Every structure is written in C-alpha cells, then in structure tokens.
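Numbering (this note's numbering), first residue to last: 757 to 1147.
No lab work stands behind these hints, which were simulated from the structure alone. Wrong hints could be hidden among the right ones.
The calculated BS3-like cross-link candidates involving lysine-lysine, where the alpha carbons are at most 27 Å apart (straight line), are [unchecked claim]: (1) K983 <-> K884; (2) K1073 <-> K1112; (3) K1102 <-> K1112; (4) K1102 <-> K1146; (5) K816 <-> K760.
Please read all numbers here as calculations on a predicted model, not as lab measurements.
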Amino acid sequence: MTSKERVKIAMELGTADRVPLMCQLSLGHYFLHSGIDPVEIWFTSDGFSEALHTMAERYKFDGILVNLPGRERDYTSQIKKIERGEEEIRINWRNGHYTVLPRDDNPHYYNASGDRSFPQFEEIDPEKLFYVEPWDITEVSHPYTWGFSEQVAQRDGFFPEYHLDNIKDTIRKNKNNLSIHSEVFSPWSQFLELLNYESALIAILDDPGKVRACLERLTEGTIELAKSQAECGVDAILISSAFAGAGLISRENYIDFVLPYEKRIIDSLHQSTDVPVYTHTCGSIGDRLDLMLETGTDGIDTLDPPPLGTVELPEAKETLRNRAFIKGNIDPVNTLLMGNREQIIKDIKWRLEIGKPGGGYILSSACSIAPGTPTENIELLSSIIETEGKY
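Build the full structure now, drawing on both the sequences and the hints.
See below:
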C-alpha cells in the first residue's frame, strides 16, 4: 500500500495496513537538518519543495504539508547584500529594508529603522481585504501588495502567478507516492497576522461589527485560494487556525469570530471538490472540539496534550469517533525534543493503543517539531509504527 493510499484511508475514517505517520517540521528544523541553504529554502520554491521531500524521506513520513506559498522567481534582483553570520543570515534589500533568517527559527522582514510594520485597525478598509499571506517574503501590508511589487493586489487576479509554485514543485517531485497537503490561513488567523495579535484582540472588543466585515472579505479570498490549491491536485487542504484556542479566545468568541467563517470555507470546498479539509488549532482546544466539528471539518490536527494543551487522547477519540479523523497528539517538546529513547517508545505505543482502534488516526506531533529536536528521536517514530501501528 502506498503512503498516499494509507493517508487517504485514515482521512476517510478507515483502517489501512498500518497507522500513517505525518509530522509537521518547523522551518528551523529544515534549516538545520536538510542540508539545503536556508536562503534557498525560504526564498525559492525549488529549495523549499526539495527540503520537504528530503526530510520526509529521511523520517519515512507518509505525507508532506506544503505550508509556504510560492516565491517571486526574480527575487535576487532585489538583493543589495547578503551577510552570513554564525547565528543568522541578513539579506539587505535595495529598498533599504532587510530580512533576518535565524539559523534555527522563522525569518522576519524589517523596515529600514529595524521595525516590523503592521497597519492600525482604524486604517483597515474591509472592502479592500481579500487574503492576508503571513508567509509572503515582505510579510503583510494594507492595501495588500505582494513581495516587492508596488502595485496593490486587486480581487480579480489577486494571487500572483507564482503563488502555487511550491505546491506544483512538491507534487512534481513526488516520486514516492506521498500524500501532499496544502495550507490556507483561516480568516481569523489572517486578521490576527494583519494587525499583530494584541491589536486584533482589542479590535474584537472595540468594534466587533467591523471585525466581522473583515472576516467576511477574508473568507472569500480563502475560498478562492483553497479551490486553486485543490485544482493543483493536492490530497488534502489544511486550514491553519492556530489562534483559535482557549489561550487566546473564549468559546463565545470562537462561535462569533471563527466558526461561521471556517464553516463557509469548508462547505464551499465540500460542494466544489472531493478534497478533504482539516483544521489545525494549537494549544487548549479540549473545551471546543464540539465547536470545531460544527465547522464540518473532516479532521483535527495538533490536539496538544497537557501540559502544552488540554486534549486528552482517549476523550478526543471518543468525541471525534466516526466524525473526524485525528492527526497529532505527540508532545513535541516533552516527548520528542526532551525525551529519551525509552520514554519515546513508551509514549508512542500508548498513543497508538488509544488512537489506532477503528481507524481515522494519523500519528503526528501535536504541533511543529522544534528545530533542535534530535533527528534520531524523529527517526524512531517510523520504526515504532512499523511494529505497533499495524492493523
């Protein structure tokens, strides 16, 4: 059975030959361990897709999540100078701004004064919103411009030609029949990334009506992007809704600012495509699994266990049984980063014992695997699943 088939069956709540294995790696982990220049990984579609396949092959994953957009093909024309240090790489741009790439963490784009720029809520015109891409190489702006372009993106033809290149490159390089998944940001996540988190949370208190208007427009763009990803031939689409847990918003705010917009996206995709759609939410979601199911999602990703989150796997298995597949629940910090071989084996065996019965389970880290996680700890997962994950 191929990896693609194995993951497909799990997402359909069935049982394959064994439980699939599919973890999400942090960008810093790719930087440290793929053997590919971090500049190539971050700024080129070919470099990122190569890193995805390199690490998936090393760790024997059954699937890959393509969670960066394609990149401008002529970005090097904007470079003034590259400075390479032991701990970080600094790219100085011709416009006076610069990007810092830590050797083991997410890059950030800074203006000439050394600040990261975010629009103020009062400046936002909901009618000028469509989609916010937090991983664009110059981050976010309003009205929205892509990369170094000075032209404001219009709704008609909003996404640049290169935007799907990472997905297309990853699919083209897929020689091992892996399950290829793409990612869109939920409207709520986009809103928080647009304003920076504190300002966005204050906005829902100051003017909830305007916030809803913003989310309505962002929903439209998210649907368009997700449909275009489906047309590329991905095997599933992940809605990244990282900031919808209890650590940031209440159940009441989830019902108001998250649920209806994610439901619209998922309903639209279910009506127009047969590609599964699942939801990634970090942290404390044990109190809102029922609400996440109301969005119509096909699966739930991360399911952080205590102490990182509030999801107990036996309870989640019971709540989601025959309703949504489960992907995650391995503690990426206390188990994979800090645990020893014996601890990891014991932990994974227990999670397989709970998650495996009846199918619908994909073994994965609860959230991204940390940059400094020992590679041998991750390699151990595939050997455990080959013996303990069989049906």
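> Holds or violated: K1102 with K1146, Cα cutoff 27 Å?
Replying inline: holds, 17 Å
> Taken at face value, is the distance from the CA of K884 to the CA of K983 at most 27 Å?
Replying inline: At roughly 21 Å apart (the allowed maximum being 27 Å), K884 and K983 satisfy the hint.
>> Check the hint pairing K816 with K760 against an upper bound of 27 Å on the C-alpha distance.
In response: Since the Cα atoms of K816 and K760 sit roughly 13 Å apart, the hinted pair holds (cutoff 27 Å).
> Given the proposed pairing of K1102 with K1112, does the C-alpha separation stay at or below 27 Å?
Replying inline: Roughly 15 Å between the alpha carbons, so the hint for K1102 and K1112 holds.
> Does K1112 lie within 27 Å of K1073 when you go C-alpha to C-alpha?
Replying inline: holds, 9 Å
Of the hints listed earlier, there is not a single one the structure fails to meet.
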